[in-house]
Structure formats: structure tokens, C-alpha cells
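Each protein sequence line maps, in turn, to chains G and W. Each residue of the first sequence is one higher than the last, beginning at 1 in our numbering. Each residue of the second sequence is one higher than the last, beginning at 1 in our numbering.
Quick caveat, the hints were computed from the structure, so don't treat them as lab data. Don't take every hint at face value.
Taking lysine-lysine pairs in the DSSO-like style, the calculated list, with each CA pair at most 27 Å apart, reads [as the list claims (entries may be wrong)]: (1) Lys39/G x Lys186/W; (2) Lys304/G x Lys289/G; (3) Lys236/G x Lys186/W; (4) Lys302/G x Lys176/G; (5) Lys86/W x Lys10/G; (6) Lys206/G x Lys101/G; (7) Lys186/W x Lys152/W; (8) Lys90/G x Lys26/W; (9) Lys258/G x Lys302/G; (10) Lys26/W x Lys100/G; (11) Lys15/G x Lys40/W; (12) Lys182/W x Lys306/G; (13) Lys103/W x Lys152/W; (14) Lys212/G x Lys200/W; (15) Lys302/G x Lys236/G; (16) Lys302/G x Lys200/W; (17) Lys289/G x Lys302/G; (18) Lys40/W x Lys206/G; (19) Lys206/G x Lys302/G; (20) Lys26/W x Lys236/G; (21) Lys80/W x Lys101/G; (22) Lys182/W x Lys295/G; (23) Lys303/G x Lys56/W; (24) Lys10/G x Lys152/W; (25) Lys176/G x Lys207/G; (26) Lys186/W x Lys102/G; (27) Lys295/G x Lys80/W; (28) Lys180/W x Lys212/G; (29) Lys86/W x Lys95/G; (30) Lys162/W x Lys152/W; (31) Lys10/G x Lys80/W; (32) Lys162/W x Lys80/W; (33) Lys103/W x Lys162/W; (34) Lys186/W x Lys227/W; (35) Lys100/G x Lys39/G; (36) Lys302/G x Lys186/W; (37) Lys180/W x Lys258/G; (38) Lys103/W x Lys39/G.
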Amino acid sequence: MEPTNVYAYKLVSRKEYFSPGHRACQGCAEALAVRLVGKALGRDTIAASATGCMEVVSTPLPFTNWNVPWIHVAFENAAAVASGAEAGMKALMRKGRLPKKKITFLAMAGDGGTSDIGIQALSGALERGHDFIYVCYDNEAYMNTGIQRSSSTPFGASTTTSPAGKVVPGQVTWKKNMPEIAAAHDIPYVATACPSYPIDLVQKVKKAARIKGPAYIHILSVCPTGWRLPPELSIKAGRLAVETGIFPLYEVEDGRYKFTVEVGILRPVSDYLKIQGRFRHLDEGMTGKIQKRVKEEYERLKKKVKMTQGD
Amino acid sequence: MITFTIDGYEVQAEAGQNVLEVALDKGFDIPHLCYHEALKPYGACRLCVAEVTSGKRTRLTTSCNYPVIEGISVQTSTEKVIRARKMVIELLLARCPDAPIVKDLAREYSVGRPRFTADNDDCILCGLCERVCREVVGPDAITFLGRGSSRKVGPPLEINPKTCIACGACVYICPTDCIKLKENEKERTIVRWGRTLPMKTCVVCGRSFAPWFQLEYFRKITEGIPKDFWDKCLDCR
């Protein structure tokens, strides 16, 4: 449970940087996440966005939803373009062509653009240490092109390229742990967030903007269309993902792990799986397998928190 | 619409707005610690000082509570303004040498070691927590105490604040992060105000989700909501 979940909402900026009127599906939690990230970063932001849902729904020519400078780039190089923009602005400010000002550079991509196609550009940018924020909106498949599996698709999920049948039970591999891969670059800040916990998300993005150096934020964005879920349940699904321990909310600051939303007793994963159509075919055995894996990963994360917060 | 100039640029604003609000909206860089768009301006931190010329008179004033007036001209970074701002930062740094936000400002304005006796307080007396409790939340549980150098923020009479619902709005808004919130299955504590409230468990799933007292407060201020609504957690409603 997020403790500051009552009145702190009223204190989040009222200005819109990702304005209403975009063409995202009903109940899209990703659009909500983009909006909150925009509110947290404010007007002095330059965004580089990889191909994906958010590019398609927000900028059908000649319209745009963006009230900040925004660059659309190919699937694989959102991180490279953001680091180039950062380096270029830094050089112009050093030479005095532009007044010195704090500008936040935001690179954003979906899970395909991050964990499949864009991973080498991301890894390079994190390693070079540019002062930028990389936000991955993880909706667990290539939703924009019609629900194809990505390396971020969870085990057992049925997509159009990993359909559930008599022999193969949907996706047969486990979800790639992207936040851990980012944390392995030893960058100053890595966090996971979910728009079902908006204040937590806003605080993490603000922190990432304040910290000098690269920051990576992994946001679980529920996709009602691709997850075969009624749109009114998308916020609840995000909350259940956190409460079942499938997507724990934590941050890694200078190598120190910390849970930002504490979950007392984990809910059973079936609470989360049974509301989604993409997991409809799962039987007891498969659910048990997922439960075991989730528990193991959660325990491992708990150990990391204990180990790095100890001293 | 009211037209005036900021740093020589002509800007337009609605009547009733304040100079800082307009300047931030147009992208002028004015540091501020006690201003928040959801709250009434208070003018406590003095960081947003600017030189305002109205008619023949030019004076140094806080822009957060200076109303926009037709024809005024505002200068946000003259030598006089920067000198005043540096002085304010030096005083803040002497008061709270460990607050990251103050240290960042000191670095930005190249303010070195303050000349004044160092204190090690963690509160800059911006009053945001006090205003958010009164204006946004409503219970008005905390207030300014004392005067002059002994001024501080806390519950009245420095005893357990009886009306505090532990919503954490003050924790969220505090610029120096000096208000901490601790929570476990049994109780939630706002450390700085010494307020501990027992948690309520959901009647359906048995998980604790919010303090008892907070839910009773909501039950009191809301109407037309089923009686058992506040007994269930967010997922069971």
C-alpha cells in the first residue's frame, strides 16, 4: 500500500505536458504513465521517443499531444538520440550559444524498444554516463503492431506469436529482468514504478531528474487490449501485480536496493492471472510454477535489500 | 489580460495571477522553495526575489506574492537580485547545512561556507506542510510555534496532534525531506509530529490498508457512500 495515497494527488502539477486527446485505447495505463512522467519532469524537458504505441497515438500528422520538444526516432536508438541531444546541448551551453539552464533529457520506449531492439543503444548510453533519464513503458508485448511476444512477455502469456494451444502453453520463456540489467551497469539510479501508484511514480521520476548521471525507470503499463482485460480493471491489475509480488516496486540508488512500496503479505498470483484473458488457459500446475518462481524472485530481492541496506 | 515585461520580454497573464507563477510558466528560471501552485503564496523563503519597476519606483520584492499589474517590468537576474539571493542561500545553508536542495542551490549560485554560526536544523521553515494541512487536507493539525529564532513547525502545544489523519501530504511536499513516515502492518507513524495511528485491516482479505482514524475522518466528510465502503481495501471494494 502506498502511504501517501490520499491528498498528495492534489499536489501533483496541474499543467499537462502530454495533453488529452491522444488516440490510446480505453483504459491505457501507459498513456497515464507518460502523462505522470511529463508532470513530474515539467516544461524544461526534451523527449526522444522510440517507435511504439506512444509515438503512434500521440503524433498522427498534423497533430501532437506533446507540449515539450519531442523527437521521434527509430525503434533501436531512443537512448542514443537522447544522449546525443544531451551532449549537443552541453556543448552549446559551454560555448555560450545557449544560456545555461537545467534541462532534463528523457528517452522513452516500450518494452520491445528497450529489452529487445534498443538494448545495445541503451547499454552504451548508460555506460557513457550521460545525464539523462531512460523510461521503459513495459506493456509486456509489441502491442502497437498487434500483440506479438517480446522478451518482456511473462511466462504463460498467450500472444499472437506465442499462442496457447494443446502442446505449447503460450510464452515458454520467463520475463527478461530489465531493471536488473540496468542496475548491473552501476548507474546512479534504477527504479521500477507503476501508474497504479502515481505518487510513488512521480517521486521516482523527480528523483531521477535530480540525480546527475543516467537513470533508468521501468514502468509496468497495463494494456487492457493486449492483456485481454476490461479497461476499468487496468489500475487494479497494476496494483495486483505489485501486491502479488510479480512486479515489486523498488529503487536502486548507488547500488543500494530499497522497497518503496512495502507489501506485507503477498497475494496469491492467481488473483492477478485470473482477471486477464491472456492467462485464461493456465491450469493449476502452470499457476503453481509461476507462484514458485515469483516467490523465489521476491525472496532474492528481499535478500538484496537486506544486504545492501545493512551497513 | 494583463501585459507586462519580464527581463525585457513582453508576457501576458490573467488578472489575479502572481509574478512567479507567470514567470515559471513562461520558462524563466527563478529559484523558489516555499511556493507551490496548489497553495496560497506565503513569501517565506525569499529566494524568488526580483526587481519590480512600477511607475517610477523600482524595488526588490518576492515575486511569489506580487500580483501582476499592467505595465510593470520585472527583472529576475540583475546584480542586486543575485546578491540578495546569495545572501538568502547563505543563511539557509547556515541553518540546514545537510539539506540536499539547499546544497544544490549553493553550488548553483557558488555560495561557499557561510559566514554565520552553523546550525544543524533540517527544516527551512517554508511552511508548505502547515499550509497543505490547512488548505488542501483540512484537519489543520500542525502550525507555526514560537517567534524569531525559536520559530518552528509542529503540532499545537507540541503534544500529539489530535486531528492529524496521517495522510502523508506533508511528507510528500517537504522540500528538505525532514518529515518521515514509517509504516508496518500494525501502525503508521509520522515521525516528526509524533503521531502514531493503528492500521485497519480489510474485512474481506485481512490485509491492513489505512489508519483507522483516517477512515473515520473520511466516513465523516463523505456522504452517500455505502457504510461498509471504508471497511474494505482498494482491491476488495
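For this structure, which hints from the list above don't hold up?
-> 1, 5, 7, 14, 20, 23, 26, 27, 31, 32, 33
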